[in-house]
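Chains as they are written, first to last, in my numbering: chain A, 1 to 184; chain B, 1001 to 1243; chain C, 2001 to 2299; chain D, 3001 to 3626.
Take these hints with a grain of salt, some might be off.
One side of the interface only, derived from the structure: several residues of chain D facing chain B at Cβ under 7 Å [to be verified]: (1) A3376; (2) P3379; (3) E3455; (4) K3538; (5) V3540; (6) D3544.
Here are the simulated DSSO-like pairs of lysine-lysine, each with C-alpha atoms no more than 30 Å apart in a straight line [stated by the list, open to error]: (7) B/K1164 to C/K2030; (8) D/K3538 to B/K1172; (9) B/K1223 to B/K1187; (10) A/K143 to B/K1187; (11) B/K1034 to D/K3538; (12) D/K3578 to C/K2284; (13) D/K3538 to B/K1091; (14) A/K166 to B/K1187; (15) B/K1094 to A/K143; (16) C/K2299 to D/K3508.
Using C-beta positions, here's what the derived DEER-type ranges look like [said to hold, decoys possible]: (17) B/R1226 to D/R3024: 45 to 51 Å; (18) B/A1026 to D/D3483: 52 to 58 Å; (19) D/E3414 to C/A2247: 31 to 37 Å; (20) C/M2298 to D/Q3006: 53 to 59 Å.
If you are wondering where the hints come from, they were derived from the structure by calculation, not from laboratory data.
Note that the coordinates shown come from a computational prediction; the quantities given were computed from them, not determined experimentally.
For glycine and all other residues, C-beta sits at the position ideal for the given N, C-alpha and C.
Next come the chains, spelled out residue by residue.
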Amino acid sequence: MSKDLNIWLDDLLGDIENIQFKRKSSRRVRVDVGSEALPALLELLQGRASYVHLSAISCVDWIEDEEFELVYHVWSYETRSLVSAHTRIPREPGVYLSIYDLYQPAAFFERDIHEMFGVFFEGSPDMEKFILTEWDGPPPMRKEFDSEAFVNQHFEWEQYHPQWLKDLEEEGGGVTTRPEDIRL
Amino acid sequence: MSKLDNIPVRHQPTEAAGRKRTNPLAHVFDELVKFCQSRSMFMLHYCTGCGAIELPPAMTSRFDMERLGIQPMVTPRQADILLITGYVSIKTLKRIILTYEQMQSPKYVIGICSCTVNGGMYWQSYATAKVLKDYLPVDVYIAGCMPRPEAVISGMRELMSDIKSGRAQNWKRYYENYDHYLGNQQKLFGEDWQTPTDIIAEARHYGLMTDRTLGEHTALLEKHQRPLEALEMRLSAREKQKT
Amino acid sequence: MNLSELLIELLLMPLVAFVIGLGMVLMMRKIAARLGRRIGPPLLQPIYDIIKLYGKRTQISHGLIHEIGIIMAVGGYVAAETLLPVPGMNGLADKGGVITLAYVMMIPSLGMALGVGQCANPNGSIGISRALTAMLAYDIPFILVIFGAAYVYGTTNLADIIAIQQQQGVSGWGLMQMPLLALAGMLALPAVMGKQPFEIYIAPAEIATGPMVEMSGKFMGGLFVMQCFQLYTAGVLYTTLFLGGGAYWITFLPKIYAVVAIPMAAAMLFPRYRTEDVIRLMWKWPVLVGLMGLAVAMK
Amino acid sequence: MTPLDQLLLLSALTVVVPLFTGNRRITGPLATLLYTGQGLLLLRMAGLGYGSETPVSSAVSLQVLGLELHWRFDALSWFFALITIGAGLLSSWFASGEWAQRYRDSGSSLRLFHAALALNVFTMLVLLASGELLSLFIGWELVSWASFLMMSLGSNTALRYAMRYVTYAFAGAMAVLMGLVLVYTRTGSFEFQAFRDAVPSMDADTVWLLFGLFAAGFGVKMALLPFHLWQAKAYAETPGPGAAFLGAISSRMGLFAMIVVLVQIIGVARLVELPVPFTFLSGRDLLAWVAVFTIIFPTFTALRQHDARRLLAWHGIGQGGYMLLGILIADDLGSAGGLMHVFNHATYQAVLFMSVTAVIHRTGTSDLNKLGGLVARMPLSFLAMLIGIIGLAGLPPMNGFVSKWLVYRALILEGSPLLFLGAVIGTLGTILSVYKLIHNTFLGQLRLEHVDIEEAPSSMLWPMMILSTVVFVTGYFPGLVLDWIASVQAAVGLPVLAHHLGGVHIDKGGLDMIWVVSVLLAGFGVGALVFLSGNRSKRVHQLDNYAGGHFLTADTRYQYSDNFYPGLMHLIGPWYRKSFRWLEGGFVSTVDTVSQLMQGLYRHTHPAFYLLAVVVFALSWVMGGD
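Pulled out of the complex, with its shape left as it was, chain A reads as follows:
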């Protein structure tokens, strides 16, 4: 039965203009859509195409294109297939619309993305700190945030240079290139 549902979904998505639609497998569909059209698409998928479960919202930081990519993974129990709706929003204002009214779990995904990437979702019920309650620095998962530099600046963790390590290094032993300097 799910076979013809898939076909029906393909031509449904096919005849919507300016939407890139690519079926990866019988259970995976990727859709690229404009940022202003995404809520309508989700409403359509939820209402008509039985995609009632929002399993995740993930965010990708394209720092070169100055853009965030938001991916909404919605799942249907009847067709047992996943639709990933990709959209791009500009990085600078980093503000987007919340889909809390469609899927209530979105509140937590959006709160997490807000904390990790700084994307502000208007209409989302709760935008406070979610997991990093002790963190007051910049959103850590943005690409311009250099975690290692932060660590070296705030934590004095490598001064542990006991005498036996110094003797080893004088004889030329020890590690020549430090593990963190190795770049593949």
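Since the structure of chain A is already known, use the hints to place chains B, C and D on it.
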């Protein structure tokens, strides 16, 4: 912690400051208590990180820690050993310090997994504390990115021999160098960091105060500390304590 | 039985009770380990635990009532032991009968309840409310059994009860004369001892060992000592009522350990009962069997 | 002027004095002094209490319509009078210090309170001194009115509950009056002796009728089961010391009258011969079962209360069941247990009510969910409540245990297991609810607003401490009270209990409280030694607590007090179907409809004629008789 001499070295087993020992019999009694402390260690059932998954196999039928007299206990009040297993995130470190201060000494800390030694594979993460030793005195380290139960038990036996020989006195260092530890904690958690346990009063009560217990960091703590005196039973509020 | 002999007995009985109680705690942990295919603790582990707890350098207390609670817990059982006759020592059995003993056994739990109350820890209060509810549950069949025994023997003095049972040898045992009452007593025994299936009030994961949540050092040591006394008192009371008490130590000890071992072995296999299930179980089967036993015994 | 007259005169004086001294501060101490005077006069008649004196009769005797009213004191009335005056003295002492100022400042009249208290004591003494049935009835009515006056002093809700009490009391008095009229038609006089001689000749159903009427009539005041709904609310709403007095002794007057009529005159042996048709029960068993249910149901209702005074009032009803059960067993042990329980209950119930009043005086509320942790600020009140609840629960060091032990021992000797089981269920329910009481008020988290309250004033502490020592001392040496009870048993005609200072010695298992309590205290000493062998412990702040890694702050309220026994309530919750309140409601509505019917009939056609018909019918029915 930049100067090397500031690193507290392993504590020589000095005589217990609080008690003056005169008769030899007291020595025999001390030996018995030390032996019993080594043979009956209560382990706090608190999984701080990923390494805790190695503890159930150490307790169940194959390795059976109860042979060594080690029992898992639920609250810090009843426990002697605090196992810090796996990476130590800043959030968890607050709870670890709270739990450590709620434990009753002689108490021991075992750092399991290499993340407690020098940050391990999460050394680059902004959210983990790298060197556990800065924040509370650690007795035994068990390296390995999750050591097997045999390694955990060998670490326990190492601690048992330390206790029996009297070398495991690190818990005193927390009282004796409280300012050093508090400084590191305040550096991480901010100036207004405070735990409900009144360590300074406890050090004074048990006679473990030294000149290094109080310092600039504890002065900082004094400024904003909430009153922590015990609710003494009193008949009337006439002699109002200084609030 | 002059005064000095009585005083020696009053000192000796609690000590004997403590030592036998340690053996019972060890047996309990060994049985639990063996059922889990583990080797279990070494021989003197309970003593190591208690000496270590009393050897702790720092302890916290939440006030005078917290300390008095622990003192009442240990002291109550020390007093209860003197009411329990053992071979060679009758102690105060004739001064207070089996009803007095049942009430003196309640004092330690009340003392602990007061001590835990002052710790101001919700886990402790929840644990105590469950412990008292469990006491209400198991005390009804327990009292029924005591009534039946006291009525059939015609006396509440435990020393006389032992004497009556020993006149006709094994056939005179309570077990032979009142099998149903003995069965009801055995059904209620695990709850009286507060062990495995009925220890919802110490549920470690749910309410952090309930009443023992704020007990450190010598407070915890006091509760370990109380645990030894608890097992000993339950075992010896059952033996005195139904297994002819002790004429000689050689026959008395195996009886007590058997009485304590049976519910223990059966207990370790059951998951923990919820509080209302403890009440429902205790008020259904032991009370039913007890009433039938009473009907038979009192015809 | 016999000592009895002097006592009654002084008691009448105590009623009059507060009316003059009025709302001034002197009223309290003066009243307390007068009560001590009454106590001394009572002690002059102490011979009654130790069986060495014949009943002291009053010189006053009235001739009314050819019936002779006279008053006298015997051992039974002396025993009850001792408790009454003791309770009155300590209650008025409690009400004379700071409590009186607060009571007066809150607008209520101190004059009326002290007058009501004195009136209660006076009317109870008159009831206790009654020489024959008519004066018994007069005293009974006076006591009902006096306690109504005391109950109605509180707020207007107290007035509503007092009105409810009066309807119950009035119905009970009517039942007693019918009993009196029936006795008069049978014996021709109201003398106890005449009634006692006539009893053997009465046939079974007249004795059944008399037994029913008197048991129901006096049972209302004692709050036996079907008629117990009024007492809890009425006592809880009475102002503090008044509640302590009423809770301690007022409902025991019903027991006194029941002893006089059922035990002294009709005799329990005669009750045993009264068969209840179609069942193996006898009259005595029926009343014993009512007593056992009176122990169980109110105690488990008390378990659910969340107001401390309401909880204690419900326990007052429950404990009444023990007294009646003990007396109905009618052997030396059981009756001694029942009578001693009257004294014991009076002492620890008064202490508990006073302690709760002290808490209300300081914190303003007695709601168990709004209190907590007061032991740090009110240690002596905590000690008083602790001794009170150990007594109420009946645990060894205190006197409550001795009387319960006597009742249990008698039940075992008599061999009635189900009564024994019911009584034990009641005891266990008491232990659960008293722990809830002391845990929610004194233990647990001290609230922010209670951090700087003070201990109760000394005028409240002294009565509490005296009562606590009485509870402990009579628990340690029960012989003190058992002497009085032996003389009461002799006076009432029950078998006398052979006792010694420590308790009772029976070869088949007696009780020696001196040994048991000393061993217990020695045990506590050993416990203390074992405890002190550990190292020094440090007192920590209330917030330095294990909360699963959470940082506790003072403003979060983590005290566990509401729905204190969820497991138990989960199981027996559905059993509380308010069946008695439904029964009362049903009865009230039937009476309502009948009265409306009569009123309709009565107002429309020839009212005088119907009134005459009813009166004639009533008189003929009563006079008709045999």
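A quick look at each hint next to the structure:
1. A3376: holds, 4 Å
2. P3379: holds, 5 Å
3. E3455: holds, 4 Å
4. K3538: holds, 5 Å
5. V3540: holds, 6 Å
6. D3544: Where the cut-off is 7 Å and the nearest Cβ of chain B is about 4 Å from D/D3544, the hint holds.
7. B/K1164 to C/K2030: Holds, because 25 Å separates the two Cα atoms, which is no more than 30 Å.
8. D/K3538 to B/K1172: At roughly 16 Å apart (the allowed maximum being 30 Å), B/K1172 and D/K3538 satisfy the hint.
9. B/K1223 to B/K1187: Holds, because 16 Å separates the two Cα atoms, which is no more than 30 Å.
10. A/K143 to B/K1187: This hinted pair holds, its Cα atoms lying about 26 Å apart.
11. B/K1034 to D/K3538: holds, 22 Å
12. D/K3578 to C/K2284: holds, 25 Å
13. D/K3538 to B/K1091: holds, 29 Å
14. A/K166 to B/K1187: holds, 29 Å
15. B/K1094 to A/K143: Roughly 28 Å separates the two Cα atoms, so the pair holds.
16. C/K2299 to D/K3508: holds, 21 Å
17. B/R1226 to D/R3024: 45 to 51 Å: holds, 48 Å
18. B/A1026 to D/D3483: 52 to 58 Å: Roughly 56 Å apart at Cβ, these two residues keep to the hinted range, so it holds.
19. D/E3414 to C/A2247: 31 to 37 Å: About 32 Å separates the Cβ atoms of D/E3414 and C/A2247, which means 31 to 37 Å holds.
20. C/M2298 to D/Q3006: 53 to 59 Å: Given a distance of about 54 Å, which is inside 53 to 59 Å, the answer is holds.
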